[in-house]
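Chains A and B, in that order, are what the protein sequence lines are.
Using the numbering used here, the first residue of the first sequence is number 1, and each one after it goes up by one.
Using the numbering used here, the first residue of the second sequence is number 107, and each one after it goes up by one.
In short, the hints are calculated from the structure, not lab data.
There may be inaccurate statements among the hints.
Using 16 Å as the maximum straight-line C-alpha spacing, the simulated EDC-like pairs for lysine to aspartate or glutamate come out as follows [what the hints assert, rightly or not]:
1. B:Lys270 / B:Glu132
2. B:Lys195 / B:Glu255
3. A:Lys21 / B:Asp155
4. B:Lys360 / B:Glu143
5. A:Lys21 / B:Asp154
6. B:Lys195 / B:Glu169
7. A:Lys21 / B:Asp156
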Amino acid sequence: MARAVVTLPAQAKRGEIIEIKTLAQHSMETGFRRTQTGELIPRDIIRRFTCTYNGVEVYRADLHPAIAANPLIAFTTVATETGTLTFQWVGDNGYSVTEIAPIRVE
Amino acid sequence: MSFGAGVRLLPLAAAFLASARVVAAEIPLGERRSGYELMARETRAIQDDDATNPGMLWVLDGETLWSRKAGAADRSCADCHADARESMKAVAARYPAFDPARGRPVTLEQRINGCRTGRQKAAPLDYESKDLLALTAYVARQSRGVPIEAAIDERIRPFLEAGKEAFHRRQGQLNLSCALCHDDNWGKHLAGSAIPQAHPTGYPLYRLEWQGLGSLGRRLRNCLAGMRAQVPAFGADEFVDLELYLMWRARGMKIEAPAVRP
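The shape of chain A in the complex, shown without the other chains (with noise of 0.2 Å):
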């Protein structure tokens, strides 16, 4: 199970900024840690996370090896129209979680 939890107002005012927290499951292995053998653990970590609001980039973030387990990002945005904002993590070992929230803007 790889999921994600989004938290945004249903609704805004036009014009209205808006906080939006994200949290992701994922255990962000530095790739620098050793088993109590001596073995590297492989880097397994979330590399970037972006945030489109109806289709247009308004949020971008590289994550690096020193970022805790289950990220937490919050950030602000401009509410402009009604639609959709899309959430998506994408990292190492193939992961890829998205997540789709809707907004409606008065």
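Chain A is fixed; fit chain B onto it per the hints.
Leaving out everything else, chain B in the frame of chain A:
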């Protein structure tokens, strides 16, 4: 990780030897504080909002598992217990509870595994496995805000006494007891970390240090390793008794599960 904790404990042991203080009594009921109150404002904010509390990821996984059929009986938790939001309300607040079949108290994890082997005819889940933590977190979540209610009767009293004895017993190479830190020196610091009163109000909880969710058993094993004492296995009778005592000690305090701790 536990080795590191042990190293950090060394100056503490020296401090105890130097002060040679008299062992204090139990914390008065009115002066009890959840570890939540000792946390930084930012960490409290993570716990307070389900949108930022990473423990909720396990709760959501648990919700999925709740209605998944398992075992030879091909039954899910929901088939017997229906809606957990109703049937599991306040349940976590009264565990460990006495199990007549075993003749001793069992933890919530053991109760869930009892259901798995007894009712679902499935293999028990490993301690600290993702699924057991998820189910426990989901069940415990239904008790959020409910006061801990340790129902102590004659059958369970000997186990409570055993847990109390374990809490006050000096053990390990550093010759510490649980009480020495958590009754006598709570609110002070071990290196940069505040010493809490050790009330298990939020388990299973998300520790930033663990980068994941863990049970009270994991926390107890961490503490014992830090004291350089013998560390019993997960679910050992000694741990269940200690857990029972800790819950009795926290009676009336509200469940926060899944909590966040530094």
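Status of the hints after comparison with the structure:
no., hint, verdict
1, B:Lys270 / B:Glu132, "11 Å, holds"
2, B:Lys195 / B:Glu255, "13 Å, holds"
3, A:Lys21 / B:Asp155, "10 Å, holds"
4, B:Lys360 / B:Glu143, "13 Å, holds"
5, A:Lys21 / B:Asp154, "14 Å, holds"
6, B:Lys195 / B:Glu169, "14 Å, holds"
7, A:Lys21 / B:Asp156, "10 Å, holds"
Hint compliance for this structure: no hint is broken.
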